[in-house]
Structures are given as structure tokens and as C-alpha cells.
Amino acid sequence: GNSVTQMEGPVTLSEEAFLTINCTYTATGYPSLFWYVQYPGEGLQLLLKATKADDKGSNKGFEATYRKETTSFHLEKGSVQVSDSAVYFCALSRNSGYSTLTFGKGTMLLVSP
Amino acid sequence: EPEVTQTPSHQVTQMGQEVILRCVPISNHLYFYWYRQILGQKVEFLVSFYNNEISEKSEIFDDQFSVERPDGSNFTLKIRSTKLEDSAMYFCALGIAGFNEQFFGPGTRLTVL
Numbered sequence: 001g002n003s004v005t006q007m008e009g010p011v012t013l014s015e016e017a018f019l020t021i022n023c024t025y026t027a028t029g030y031p032s033l034f035w036y037v038q039y040p041g042e043g044l045q046l047l048l049k050a051t052k053a054d055d056k057g058s059n060k061g062f063e064a065t066y067r068k069e070t071t072s073f074h075l076e077k078g079s080v081q082v083s084d085s086a087v088y089f090c091a092l093s094r095n096s097g098y099s100t101l102t103f104g105k106g107t108m109l110l111v112s113p
Numbered sequence: 001e002p003e004v005t006q007t008p009s010h011q012v013t014q015m016g017q018e019v020i021l022r023c024v025p026i027s028n029h030l031y032f033y034w035y036r037q038i039l040g041q042k043v044e045f046l047v048s049f050y051n052n053e054i055s056e057k058s059e060i061f062d063d064q065f066s067v068e069r070p071d072g073s074n075f076t077l078k079i080r081s082t083k084l085e086d087s088a089m090y091f092c093a094l095g096i097a098g099f100n101e102q103f104f105g106p107g108t109r110l111t112v113l
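Which chain is which? The protein sequence lines are A and B, in order.
Counted the way my numbering counts, the first sequence spans residues 1 to 113.
Counted the way my numbering counts, the second sequence spans residues 1 to 113.
If you are wondering where the hints come from, they were derived from the structure by calculation, not from laboratory data.
Check the hints yourself; a few may be wrong.
[To be verified] Below, computed lysine-lysine pairings styled on DSBU-like, alpha-carbon distance capped at 35 Å: (1) A:K56 <-> B:K42; (2) B:K57 <-> A:K56; (3) B:K42 <-> A:K77.
Since the model is a prediction, treat every value here as computed from it, not as a measurement.
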């Protein structure tokens with residue numbers, strides 16, 4: 001079956017540091033890949049996505065590249081801000097129109113001034 | 001981006017009681033999903049609903065759970081006889097035709113005592 005593995009958190013960084021959150025997946029076929037973010041007390045928001053190999057998703061300074069050869073979709077940001085403190089979830093769906101999402105366990109990011 | 005509201009934001013109930021969680025999409029969508037997140041754990045798929053019937057469900061979604069769209073607008077999740085282990089955040093999500101993205105509501109925190 002499908003599964004997503006994320007690095008354990010919390011990840012603690014100082015403002016303006018470089019961020020990497022690792023995500024690898026197991027899936028049959030060609031899944032779509034997503035990063036969702038959950039700010040304290042809020043629901044899940046789509047951060048970025050990629051639907052095929054070598055696609056790069058980007059949003060708000062965050063980037064992730066769909067690497068089929070390593071089955072990875074690592075999240076990166078060049079310079080984090082305190083406001084980026086949240087829980088980040090990597091997820092995949094089968095690449096058919098209305099398939100369910102399979103999530104990783106989430107990685108908490110804490111950014112200090 | 002479609003808006004999704006969920007009510008109530010927090011529900012406290014006694015074990016064995018029935019609860020109904022509601023999801024109200026602002027615009028018309030065909031595809032609905034319920035996920036749950038037990039505190040500190042990953043987001044888990046419960047059920048998907050398309051064209052007024054269940055299209056897929058997980059092993060978590062047993063006979064105690066049911067979903068319906070009673071008035072063509074609200075999308076509800078009913079738990080017939082709650083258990084302590086049902087305590088979780090429940091998220092409704094909407095699917096847009098032709099895309100793999102899902103848009104999540106803010107969630108309902110269910111506490112079973």
C-alpha cells in the first residue's frame with residue numbers, strides 16, 4: 001500500500017536559517033505529492049504540490065522537487081521566519097481524480113528570533 | 001480557493017453518546033472527505049463521498065460511523081456510540097473535479113469523556 005515517511009521533529013531553527021524537511025514515499029504507479037501546513041490551532045492548508053517526476057512545487061519561499069528515482073519530496077526554504085513555525089505534513093494521492101490522501105506523521109518546525 | 005466551514009469547532013460528549021459533525025462547503029463540490037487526527041499522530045483517511053454515496057472508506061470507518069448529505073449542502077459525519085478512542089480532530093475536505101488537491105476545513109475537536 002501507499003505510505004509516507006517524514007523526518008521526526010521538532011526541527012528547531014533560528015530565523016533566517018536554511019530548512020530541509022525530508023519526505024520519502026512508497027506508492028504504486030505515479031502519485032501526486034503534496035506538502036500541507038498546519039499552523040497552531042488551525043486546519044490543514046495546502047502549501048505546494050507536484051504531480052509528476054521532476055516537477056518542482058513552490059509557494060511562499062518553500063520548494064520541493066518530485067524525485068522519482070529516490071522516491072522523495074523534500075521540503076526546503078532558504079531563510080525561515082518565526083511565522084513559519086507550524087507542523088508540516090507530506091502527503092500523496094494516487095494520480096486519479098478523486099483519490100484519498102495518505103499523510104506522513106508530520107514534522108513540527110519551531111523558529112526562534 | 002474554496003471555503004469550508006465545520007461545526008462545531010469543539011464537541012465534548014460522554015462515551016456512548018451519538019455525535020454529528022457538520023461540514024459546510026461554500027461552493028458546490030462533488031467530492032467530500034473526512035479525515036481524523038488523533039492528538040500527536042498523523043492525519044488518517046476515514047471516508048470519501050461522491051455523488052451522494054460512499055466511494056471509499058478505511059478500516060477505521062466501521063459500523064459506528066456514517067456519512068450523508070441530508071439537504072444537498074451540509075455534509076455530516078455521525079458517530080453512533082462514541083468511544084474514548086474517538087477523541088480526535090476531525091477534518092472535512094473538498095475535492096475539485098479534475099484536480100488532486102483537497103481543501104480542508106478548520107476541523108472539529110471531539111473530546112469523548
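Hints, one by one, checked against the model:
1. With a C-alpha separation of about 25 Å, the suggested pair K56 of chain A and K42 of chain B falls inside the 35 Å cut-off, and the hint holds.
2. Among the hinted pairs, K57 of chain B with K56 of chain A is consistent with the structure: their alpha-carbon atoms are about 31 Å apart, no more than 35 Å.
3. Among the hinted pairs, K42 of chain B with K77 of chain A is consistent with the structure: their alpha-carbon atoms are about 23 Å apart, no more than 35 Å.
When held up to the earlier numbered hints, the structure conflicts with none and fits them all.
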